Structure formats: structure tokens, C-alpha cells
Amino acid sequence: MTVTTSGPGTTVNDAAAVGGPADDDALAAERSAAHRAANLDALESESIHIIREVLAEFERPGLLFSGGKDSVVVLHLLAKAVSPARVPIPVVHVDTGHNFPEVIAFRDATVQRYGIDLVVGSVQDYIDDGRLVEPANGTRNRLQTRVLLDTIEEHRFDALFGGARRDEDKARAKERILSLRDEFGGWDPRNQRPEVWSLYNGRHAPGGHVRAFPISNWTEADIWSYIDREGIALPPIYFAHERPTFERDGMVYAVTDVSRPREDEPVSNRTVRYRTVGDASCTGAVLSAAGTVAEVLDELALSTLTERGATRADDRISSAAMEDRKKEGYF
Amino acid sequence: MSDTLFRLATAGSVDDGKSTLVGRLLHDAKAILADSLDDIRRVSAERGFGGDTPALDLALVTDGLRAEREQGITIDVAYRYFSTPRRSFILADCPGHVQYTRNTVTGASTAHAALVLVDARNGVVEQTRRHLGVLGLLGVPQVVVVVNKMDLIDWDESAFAAIRDDVVAVADRLGVAGVRVVPVSALQGDFVVDRGDSAPWYTGPTVLDLLETLPARPAAGEASPARLDVQLVLRPQGALAPEFAADADALRDFRGYAGTVSDGPLAVGDRVAVYNDGQRHRARVTGLRTPAGEAERAEAGQAVVVTLDADLDIARGAALVAEQLEEGQPHDAVTAVREFGAAVCVLADARLTPGQRVLVKHGTQVVAARVDAVDNVLRLSDLSREPAASLGLNDLGLIRLRTAKPLAATAYSRSRAGGSFLVIDPAEGNTLAAGMIEPAPLAGDAPESGAATEHAAGPAAHELAGAVRT
Numbered sequence: 284m285t286v287t288t289s290g291p292g293t294t295v296n297d298a299a300a301v302g303g304p305a306d307d308d309a310l311a312a313e314r315s316a317a318h319r320a321a322n323l324d325a326l327e328s329e330s331i332h333i334i335r336e337v338l339a340e341f342e343r344p345g346l347l348f349s350g351g352k353d354s355v356v357v358l359h360l361l362a363k364a365v366s367p368a369r370v371p372i373p374v375v376h377v378d379t380g381h382n383f384p385e386v387i388a389f390r391d392a393t394v395q396r397y398g399i400d401l402v403v404g405s406v407q408d409y410i411d412d413g414r415l416v417e418p419a420n421g422t423r424n425r426l427q428t429r430v431l432l433d434t435i436e437e438h439r440f441d442a443l444f445g446g447a448r449r450d451e452d453k454a455r456a457k458e459r460i461l462s463l464r465d466e467f468g469g470w471d472p473r474n475q476r477p478e479v480w481s482l483y484n485g486r487h488a489p490g491g492h493v494r495a496f497p498i499s500n501w502t503e504a505d506i507w508s509y510i511d512r513e514g515i516a517l518p519p520i521y522f523a524h525e526r527p528t529f530e531r532d533g534m535v536y537a538v539t540d541v542s543r544p545r546e547d548e549p550v551s552n553r554t555v556r557y558r559t560v561g562d563a564s565c566t567g568a569v570l571s572a573a574g575t576v577a578e579v580l581d582e583l584a585l586s587t588l589t590e591r592g593a594t595r596a597d598d599r600i601s602s603a604a605m606e607d608r609k610k611e612g613y614f
Numbered sequence: 102m103s104d105t106l107f108r109l110a111t112a113g114s115v116d117d118g119k120s121t122l123v124g125r126l127l128h129d130a131k132a133i134l135a136d137s138l139d140d141i142r143r144v145s146a147e148r149g150f151g152g153d154t155p156a157l158d159l160a161l162v163t164d165g166l167r168a169e170r171e172q173g174i175t176i177d178v179a180y181r182y183f184s185t186p187r188r189s190f191i192l193a194d195c196p197g198h199v200q201y202t203r204n205t206v207t208g209a210s211t212a213h214a215a216l217v218l219v220d221a222r223n224g225v226v227e228q229t230r231r232h233l234g235v236l237g238l239l240g241v242p243q244v245v246v247v248v249n250k251m252d253l254i255d256w257d258e259s260a261f262a263a264i265r266d267d268v269v270a271v272a273d274r275l276g277v278a279g280v281r282v283v284p285v286s287a288l289q290g291d292f293v294v295d296r297g298d299s300a301p302w303y304t305g306p307t308v309l310d311l312l313e314t315l316p317a318r319p320a321a322g323e324a325s326p327a328r329l330d331v332q333l334v335l336r337p338q339g340a341l342a343p344e345f346a347a348d349a350d351a352l353r354d355f356r357g358y359a360g361t362v363s364d365g366p367l368a369v370g371d372r373v374a375v376y377n378d379g380q381r382h383r384a385r386v387t388g389l390r391t392p393a394g395e396a397e398r399a400e401a402g403q404a405v406v407v408t409l410d411a412d413l414d415i416a417r418g419a420a421l422v423a424e425q426l427e428e429g430q431p432h433d434a435v436t437a438v439r440e441f442g443a444a445v446c447v448l449a450d451a452r453l454t455p456g457q458r459v460l461v462k463h464g465t466q467v468v469a470a471r472v473d474a475v476d477n478v479l480r481l482s483d484l485s486r487e488p489a490a491s492l493g494l495n496d497l498g499l500i501r502l503r504t505a506k507p508l509a510a511t512a513y514s515r516s517r518a519g520g521s522f523l524v525i526d527p528a529e530g531n532t533l534a535a536g537m538i539e540p541a542p543l544a545g546d547a548p549e550s551g552a553a554t555e556h557a558a559g560p561a562a563h564e565l566a567g568a569v570r571t
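First to last, the protein sequences are chains A and B. Numbering-wise, the numbering used here puts 573 at position 290 of the first sequence, and it's gapless, one number per residue. Numbering-wise, the numbering used here puts 570 at position 469 of the second sequence, and it's gapless, one number per residue.
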């Protein structure tokens with residue numbers, strides 16, 4: 284989505300209201316900063332309200348935590364929602380075995396810092412003992428669903444917080460903040476519960492559960508601005524670093540154990556960062572020199588590609604890719 | 102505080118070009134990134150949009166799920182986000198034809214403003230009246246009526262003036278506040294974001310001009326006191342967040358009430374009435390924690406933790422209500438009621454009938470309730486009342502409810518937080534209806550007791566006592 288430095292703001296009324304172009308710019312920048320701060324305050328309070336409702340109305344909530352920026356922000360909000368008490372629920376990670384090692388290290392450090400429990404569902408275990416088969420194309424994205432559903436059942440979670448945002452995708456744009464899932468984890472877009480005012484109804488059928496998306500109304504720019512304001516730590520791969528990479532299908536991939544170049548794909552060192560954290564096998568990097576949150580925000584303001592379109596091979600398969608995976612019980 | 106996060110809902114009929122208008126708004130506000138735009142360009146070309154003069158089908162911007170594309174319909178409310186240097190917008194795009202009342206209620210319940218589409222060729226039609234009727238009932242503070250497809254009537258100024266006068270007259274009759282009317286061509290873009298040059302005679306604001314400048318506050322009405330419905334009782338005891346480890350002694354007996362402030366500001370030192378499980382007590386606010394830390398004052402909309410001077414057994418579901426609107430200004434806005442009249446909109450494929458047992462969620466309290474009577478169904482186009490024996494999906498009607506425990510209620514016209522509730526099916530758990538408490542009669546029936554009297558109740562059901570949730 285757009286960031287506030289672009290767009291049609293200098294309309295007729297604006298120009299008439301102030302002296303000259305220089306004043307106009309200064310005033311617009313000031314107004315823009317004030318507006319972003321107020322905007323973040325409103326989003327933050329809305330998210331905390333949702334988190335508190337879920338903590339109160341469910342028996343066994345958990346937080347789906349990938350180490351990605353969105354789930355990191357949800358954890359930060361969860362801590363604020365119960366402060367000064369400790370976060371009272373565990374975080375749940377479905378580990379594909381294809382994660383970036385930097386992200387796993389970040390996950391473990393974060394859990395320790397908050398003093399909370401970590402539940403890991405391991406795709407690798409499922410492949411090792413034959414419950415799941417490694418797909419021919421090497422991407423394990425779709426294998427996560429089975430492991431996630433089993434983990435939910437084993438730990439009897441009745442609500443799982445997730446960091447999904449409605450601006451990410453067409454299917455998510457229509458998903459409720461409390462999203463009912465049937466016993467197969469499936470989402471039925473035709474059978475969603477209306478959400479009116481700030482009154483959330485978390486009642487669900489036995490065997491089913493609820494996915495709760497407290498940052499539904501945040502945009503990518505909101506997330507980064509909030510990370511900047513709150514000084515929230517992120518995995519280092521979100522910031523520019525140099526690493527061996529290769530190109531495939533117009534995307535830049537890191538050379539790792541699970542993403543190796545073919546013979547006709549030359550390797551070169553590039554300065555890159557990641558816009559989303561997914562499997563190394565299907566998450567592309569962007570060429571970037573942005574080494575700080577502020578630099579990332581500047582870069583975002585100029586970006587012309589959506590977050591997932593730019594770097595996620597798993598979403599490129601078809602425009603209905605997310606819709607299909609959600610119906611199968613995906614995040 | 103949410104002066105710059107502006108919530109917007111759309112309401113429109115089948116062919117009035119609502120998708121194109123929303124697409125145009127997002128496109129011209131530069132809220133569509135290049136890869137999404139490429140998709141739209143490609144699909145527009147595949148479908149031959151624009152015929153001999155290929156154009157972008159901006160309706161594709163809001164084109165959602167595959168099931169919808171296949172059937173050419175919109176199933177559900179979709180949320181869109183865009184920003185200008187003045188404001189950030191959350192747009193709830195409510196489909197017009199399938200279950201439009203349910204969708205409009207969902208999208209408009211939190212809206213600061215609604216956009217209603219009118220086709221310039223048809224003017225005000227039955228559907229327009231129904232949309233305005235729903236928005237009036239929900240108390241959406243501002244309505245922008247967009248007269249679309251002006252290009253198809255050659256930007257006829259007098260035709261627009263006639264439609265505008267019609268709209269204003271109808272809105273007046275339906276009690277819709279703050280109506281503004283703008284002529285546009287969503288297809289060509291005039292007066293949505295840019296002014297274009299089709300109609301020099303129109304000198305009023307564009308749609309975006311209005312959206313950027315309309316106040317993000319409820320319409321001026323009778324003031325309502327600060328209210329906080331208790332979501333969680335925080336009693337960390339031994340299980341403090343690691344960052345508070347050094348304050349363990351000071352926080353040993355910490356007992357805070359977490360919730361979101363609504364209606365007015367709440368400050369340390371304020372006297373509050375505590376409505377809890379049928380009892381009313383008095384207390385004074387001794388501390389406030391906002392998301393940014395300890396504070397002297399919290400604004401409406403802020404998620405806070407409140408501490409009180411009285412040692413009360415307050416549980417989730419209790420409501421704290423400021424005793425004064427401002428210094429020296431007592432009020433009678435909140436009454437503890439067990440029987441009340443309400444306007445409800447049925448949101449599920451089910452019927453509400455007299456004698457039916459339901460659950461009511463009001464604030465953070467869920468109580469057993471009974472539908473005592475179904476009085477009327479409202480005809481939306483003129484809000485006239487017709488007798489009814491029961492209410493079904495998409496019906497708006499007037500009912501009377503009786504609850505097992507009193508609710509700290511305010512008329513919906515005075516407070517969305519104190520006057521709104523859900524009707525829930527006790528067996529399936531579905532949301533059956535959205536309800537708005539009627540102003541009269543709100544007769545009280547809860548006994549009053551002093552601050553010191555702690556009534557005998559079980560342990561608070563939703564306390565966060567340490568890491569163990571009870």
C-alpha cells in the first residue's frame with residue numbers, strides 16, 4: 284500500500300490553506316508525522332482490545348509465531364495487553380526445517396526474553412517418519428497445514444493468534460478478525476460471522492477453533508513504523524546484508540542447504556534483505572541497502588510491488604493461491 | 102484520539118458502479134502497487150474492457166475471491182486500506198445485493214462516514230432509501246451520497262440538483278445526519294480524487310476532499326460519560342513480565358482492570374460507578390496505564406489498565422462509568438436494566454421469536470436473556486413500523502428483551518459502547534442479531550451500595566492470576 288509521502292494530499296484545499304510551496308511541504312510533513320503517530324495509537328489500542336477479548340473468552344489460546352515481523356508485533360502487543368503480568372500463553376511455531384537459521388536463533392532468543400513457552404511442530408519429523416512426503420519441487424509450504432492442525436489437536440488450542448493482515452491478499456481482505464475454523468482447520472468464506480462494533484463473539488463448535496488476527500487492520504507501512512517507534516527487535520535478515528545468491532524466475536534466492544543453484548544459475552554476492560520471512564526455498568530477497576528500520580521505511584515509500592508479490596513464490600502460483608490454502612486450514 | 106484513522110463504509114446497489122468507484126478512489130489515491138495494477142491491466146485486456154478504446158476495469162481492484170469472480174458477485178464485506186498525507190483510511194466495502202442489510206450493518210457499525218451510491222440515470226430509488234434507513238438507524242455520523250455515472254447524463258446540472266434535493270429530503274425524513282452530495286463519474290474519474298474538466302459548474306469538494314476533512318467523531322449529540330467495560334482482571338502476583346522483575350515488591354498486590362475507554366476521557370482521581378454482577382459500587386481511579394506507560398489521563402479509544410482505591414471483587418463483565426461528564430457535571434446516561442426495548446438487525450439465517458432464549462453480549466458481559474416480545478418490523482425505505490410475529494435474516498425490527506442480570510445500559514443514540522449488543526444463539530454460538538438499546542424506557546432496578554461493601558460472589562472467572570488462567 285502507499286506510504287504517506289505519496290498520494291493526492293496536496294489538493295485544492297491544501298494549496299489554498301498555506302502560504303507557499305516550501306511551507307506547504309513542511310506543513311505536510313509535520314501533519315503527516317502527527318497523523319502517523321495518532322494512526323499507530325489507534326491501531327495499537329484496537330489490537331490490544333482484540334487480544335484481551337480472546338485471552339478472556341478462550342480456554343487455551345496460543346500465538347502462531349514465525350519470527351516474521353508481523354508475529355513479532357503481535358507478541359509485542361500481547362505483552363502490552365497483559366502488562367505488568369507475563370504473557371500467559373505459549374507461542375507455536377511450525378518449523379518446516381527450511382527456515383533461515385538466523386530466524387530460528389531469533390525465535391529462541393525472543394521466547395527466552397519474554398519468559399514464555401515454545402511449542403514446535405516439526406515438518407522434518409513428519410518427513411523422517413513417513414507421515415508426510417517431501418514434494419518433488421522441494422517447497423514444504425503446503426506440508427505445514429497438516430503439522431499445524433495436528434499441533435492444535437495435540438495441545439487442544441481453541442484459539443490461535445496470527446499476524447495476518449488484510450492488506451496482504453484478496454482472501455485475507457475478506458477474513459474476519461476472529462475467523463472460525465472447522466475441525467479440519469478449514470475456512471469457509473461464505474459462512475463467516477458478522478463482526479459489529481467492537482463486540483467479538485468467539486463461541487465455536489466443539490472440535491473447531493478460532494484464528495484471531497489482531498493486526499488485521501494494519502498495513503505493511505504501519506508495521507514498520509510501529510517497529511521503528513517501539514524499537515522492536517527483528518531477525519537480522521530483514522536488513523541489508525551481503526550473501527551468496529542466485530536468480531531463478533526473476534527472483535533472487537540465497538544459497539543455502541535447501542536452496543541450491545542449478546548449473547546454469549550463476550552465484551554472485553549481492554547486498555539484499557527480506558521483506559517477509561518464509562522458507563529459504565521459496566522466499567526471495569530484494570536488492571537493498573536498507574540497514575535500519577528508518578531506511579526500510581524510506582525504501583517502502585518508493586516500492587511499487589506488493590509485499591508478497593515481490594518475494595513469495597508460494598503466492599505467485601495463482602491469484603487464488605491464498606484462498607485455496609486458507610480453505611485447507613493454512614494460517 | 103483516532104482523528105486520523107478514518108473508518109469508511111460503502112453502500113450501493115447492484116449496478117450503480119460501487120466497485121468502480123472504490124477502484125477509482127484507490128487507483129487515483131495511488132494505493133494500488135504496480136504488480137496489482139499489472140494484473141488488472143492484463144485481465145481488463147483479456148476481457149476486452151473498453152471495447153475499441155482499451156481501458157482499465159477498475160472494478161477489478163475490489164474483485165476478491167475466485168468463487169465471486171466465477172459468479173460475478175461479491176460475497177462478503179472486504180476491507181481496503183489507503184493513506185493520504187492527511188489521513189489513513191479503513192474502507193469496509195459492503196456488497197450491495199446479497200444480504201445487503203447484514204453486510205451494511207457489519208461494515209457501518211464502526212464507520213465515521215458512509216458512501217452511498219446513486220445512479221444519476223435513476224436518481225433516488227427504493228434501494229437508496231433502504232441504505233439511508235440503515236445508516237440512520239446505526240447512527241453513522243456522516244453520509245456522502247455519490248451521484249455516479251454523471252457522464253451518462255451529459256453532466257446535466259439541473260438533473261443533479263434535482264437528485265441532490267431528493268436525497269436531502271429523504272435523508273431528513275430518515276433521520277440521517279450530515280448528508281453531502283457529490284456528482285462523479287467513477288469510470289472517468291471526475292470529482293472522485295481529481296476534479297477533471299467535465300463539469301465546471303460543480304465547485305464543491307471532491308469525494309476525497311470530503312473524506313479527508315470530515316470529522317472522525319460521532320455526530321454532536323448528548324454527551325456521554327467515560328466508560329470502561331472490564332475485559333480482564335490483571336493480578337500478576339508472582340508472574341510478572343521479566344521487565345518488571347525489579348518492581349516485584351511494589352507490584353505484589355497489583356490488581357488492575359484492563360479494558361478500552363469509550364465515550365469520554367478518563368483521568369486519575371475521577372470517581373466512577375462500578376456496575377458489577379448486579380451491584381453498583383463507587384470508587385476512585387488511582388492509576389492508569391496506557392499502551393505508552395503510566396498516564397494521568399486516557400482518551401476514548403485507548404486500551405488501558407485502571408487501578409481503583411476500593412477493594413472490590415470486580416470481574417470481567419463489570420463496567421466502570423465516570424460519575425461526572427466534566428468537573429461538576431453529573432449525568433443520568435447509564436442505568437442498570439433487566440428489561441429494555443431495542444432495535445435489532447437479524448444477521449443469521451434464523452428467526453427471533455417471542456419467548457426465545459438467547460445470550461446477550463453487552464460490553465464484555467455475556468448474560469442469558471429472553472425475547473419478551475417482537476413488536477414491529479421496520480420498513481427501511483421510510484422507517485415505518487409494521488406488526489410482526491417474528492424477525493428473519495436481514496430484518497430490522499423492534500423487540501423487548503429481559504436479561505438474567507442487569508446491564509449497565511445507555512441509549513445507543515447516546516453511546517455506541519453502552520448501547521450496542523449482540524444476540525447469540527446459546528446452542529450453536531452464532532451471532533443471531535446486532536442490537537441497539539432504545540432510549541426509553543430505561544428504568545433502573547439495581548440496588549446501590551457503598552464503596553466499602555463487597556458483595557459475596559465467587560472468584561472472578563477471568564482473572565489472570567499469574568501464569569495460570571482460571
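Do not take every clue at face value.
Cut-off 20 angstroms, straight-line C-alpha distance, at most; resulting in silico cross-link-like pairs (SDA-like, lysine to any residue) [unchecked claim]: (1) B:Lys506 x B:Arg439; (2) A:Lys453 x B:Asp140; (3) A:Lys453 x B:Gly429; (4) A:Lys453 x B:Gly297; (5) A:Lys453 x B:Val144; (6) B:Lys506 x B:Glu539; (7) B:Lys131 x A:Pro418; (8) B:Lys131 x A:Ser315; (9) B:Lys131 x B:Asp252; (10) A:Lys453 x B:Arg142; (11) B:Lys131 x A:Ala584; (12) B:Lys506 x B:Gly442; (13) B:Lys131 x A:Thr539; (14) B:Lys131 x B:Arg148; (15) A:Lys453 x B:Arg439; (16) B:Lys131 x B:Ile141.
Keep in mind that the hints were calculated from the coordinates and are not lab data. Keep in mind the model is a prediction, meaning the values are calculated, not measured.
Verification of the supplied hints:
1. Simply put, Lys506 of chain B and Arg439 of chain B have alpha-carbon atoms about 6 angstroms apart, close enough for the 20 angstroms limit, and the pair holds.
2. Restraint check for Lys453 of chain A and Asp140 of chain B: the C-alpha separation of about 13 angstroms stays at or below 20 angstroms, so the hint holds.
3. Under the criterion of a C-alpha separation no larger than 20 angstroms, the hint pairing Lys453 of chain A with Gly429 of chain B is inconsistent with the structure, at around 51 angstroms.
4. A hinted pair counts as satisfied when its Cα atoms are at most 20 angstroms apart, and Lys453 of chain A with Gly297 of chain B does not qualify at roughly 30 angstroms.
5. A C-alpha spacing of about 16 angstroms is found between Lys453 of chain A and Val144 of chain B, which places the hinted pair at or below 20 angstroms, so the restraint holds.
6. Distance restraint check for Lys506 of chain B and Glu539 of chain B: the Cα-Cα separation of roughly 18 angstroms lies within the 20 angstroms cut-off, and the hinted pair is therefore satisfied.
7. Annotation: proposed proximity of Lys131 of chain B to Pro418 of chain A is violated, straight-line Cα distance about 40 angstroms (limit 20 angstroms).
8. Restraint check: the Cα-Cα separation between Lys131 of chain B and Ser315 of chain A comes to about 16 angstroms, which is no more than 20 angstroms; the hinted pair holds.
9. Only pairs whose Cα atoms come within 20 angstroms are accepted, and Lys131 of chain B paired with Asp252 of chain B is rejected, the gap being roughly 23 angstroms.
10. Annotation: proposed proximity of Lys453 of chain A to Arg142 of chain B holds, straight-line Cα distance about 17 angstroms (limit 20 angstroms).
11. The suggested pairing of Lys131 of chain B with Ala584 of chain A holds, with an alpha-carbon distance near 12 angstroms, which does not exceed 20 angstroms.
12. At roughly 16 angstroms between alpha-carbon atoms, Lys506 of chain B and Gly442 of chain B fall within 20 angstroms of each other, so this suggested pair holds.
13. At most 20 angstroms may separate the alpha-carbon atoms for a hinted pair to count; Lys131 of chain B and Thr539 of chain A exceed this at roughly 37 angstroms.
14. Of the pairs offered as hints, the one joining Lys131 of chain B and Arg148 of chain B is violated, with about 24 angstroms between alpha carbons and a cut-off of 20 angstroms exceeded.
15. Taking the CA atoms of Lys453 of chain A and Arg439 of chain B, the gap is near 43 angstroms; set against the 20 angstroms cutoff, the hint is violated.
16. A threshold of 20 angstroms between alpha carbons decides the hint, and for Lys131 of chain B with Ile141 of chain B the separation of about 14 angstroms falls inside it, so the pair holds.
When the structure is compared with the earlier hints, violations turn up for hints 3, 4, 7, 9, 13, 14 and 15 and for no others.
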